[in-house]
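Engineer: I would like the entire structure built from these sequences, with the hints used as guidance.
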Amino acid sequence: MKFGLLFREVLPFFLALAALAIAALLIDALLHFVDAVWVGRYIGIPGVLLIIGSFGYSLRKHKLIAGGNPAGLLRLHERMAWAGSLLVLVHAGIHFNAILAWLAAAAMLVNVGSGLTGKFLLKRAWRRLGETGAELKRQGLSGPALEERMHWDTLTFNAVKQWRVIHFPIALAFAVLAAMHIIAVFLFWGWK
Amino acid sequence: MTRRWILAAISAALLGLGVLVFLHPDRMISPGPLSKSHSELATDCFACHLPLRGASQDKCIACHALADIGLRTTKGLPLPLTSPAPKVAFHQQLTSHNCMACHTGHQGATRILGKRQSFSHELLDPAVQGQCQACHAPPSTEMSPRIARNATA
Chain A
1 MKFGLLFREV
11 LPFFLALAAL
21 AIAALLIDAL
31 LHFVDAVWVG
41 RYIGIPGVLL
51 IIGSFGYSLR
61 KHKLIAGGNP
71 AGLLRLHERM
81 AWAGSLLVLV
91 HAGIHFNAIL
101 AWLAAAAMLV
111 NVGSGLTGKF
121 LLKRAWRRLG
131 ETGAELKRQG
141 LSGPALEERM
151 HWDTLTFNAV
161 KQWRVIHFPI
171 ALAFAVLAAM
181 HIIAVFLFWG
191 WK
Chain B
1001 MTRRWILAAI
1011 SAALLGLGVL
1021 VFLHPDRMIS
1031 PGPLSKSHSE
1041 LATDCFACHL
1051 PLRGASQDKC
1061 IACHALADIG
1071 LRTTKGLPLP
1081 LTSPAPKVAF
1091 HQQLTSHNCM
1101 ACHTGHQGAT
1111 RILGKRQSFS
1121 HELLDPAVQG
1131 QCQACHAPPS
1141 TEMSPRIARN
1151 ATA
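Those protein sequences? They're chains A and B, same order as listed.
Sequential numbering of the first sequence, starting at 1, is according to my numbering.
Sequential numbering of the second sequence, starting at 1001, is according to my numbering.
Not the full set, but computed from the structure, chain B residues with beta-carbon under 10 Å of chain A: (1) Arg1003; (2) Ser1011; (3) Leu1014; (4) Leu1017; (5) Val1021; (6) Pro1025; (7) Arg1027; (8) Gly1032; (9) Arg1053; (10) Ala1055; (11) Met1100.
Keep in mind the hints are simulated off the structure, nothing from the lab.
Note that the structure is predicted; figures quoted are calculated from it, not measured.
Glycine included, every Cβ here is placed at the ideal spot set by N, Cα and C.
Structural biologist: As structure tokens, this is what we get:
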């Protein structure tokens, strides 16, 4: 049972984070190998565009846009945010002095960690709710009796949903720090 | 209520960081410390940068008058001789005046600047091109006097 939890819940979480770090290190090593470290300066741009694109799900979730299947947008959000974070992480590897840029990169990693936590928490809560409901129905419960027995599981699920209360400010902090870094670059860099 | 407090705390932290950016741009946004001779400009980014256009050679020349480079300091004092033979002041005869092609104000910034235009002797005035020893120490081999004679011939 304990091993089941480890392989089903904990390991995928750490593997997703480790895959991000390993992929960033591999790309960084490749850029060094082909003497193209300067590419890292520009690779942050597609990274930011991917992350901005991933906000489509957030807009849908907050009913700011009407189109799009939420489940599909959530998968797109996860994949685009992961890929964008990877490119920004490679880009962050070439900064070695500016504190603001490091803070933006740190906020991004906290954001990725928070996103993966939410993903696995919600997945687990959905499965637990479904399994409990199916088991109680098999036992012949229905109507108010079923609702009463499901009460605590529903509360657990709602509590997990409250995780979004934390995820949003983390994403906001990242967005502001990244915007400050981008504005500073546009203000002082010579794009020629 | 909790959400409101979290947002307030994060907003206050971000505001604090924003203030630090203006007070200490050298630590918050600079890609590297300035060279020792420019260290007094560390918090005055616009002394060298133009908004949205990067470091400007016009700003360089405003302090480092082209006629004085290699001869006098920015305060107009003659440069002390570092060797018995004075070095050739070649900046005045360069065919291209692009300071950032060879110089960078921020130490270590070359990692993100990529491959820079290396110094090309073709940019020098032909009269200066032959005076190798004006800039380079002659090698201590038997052939070096002959090379020097050929260069100046």
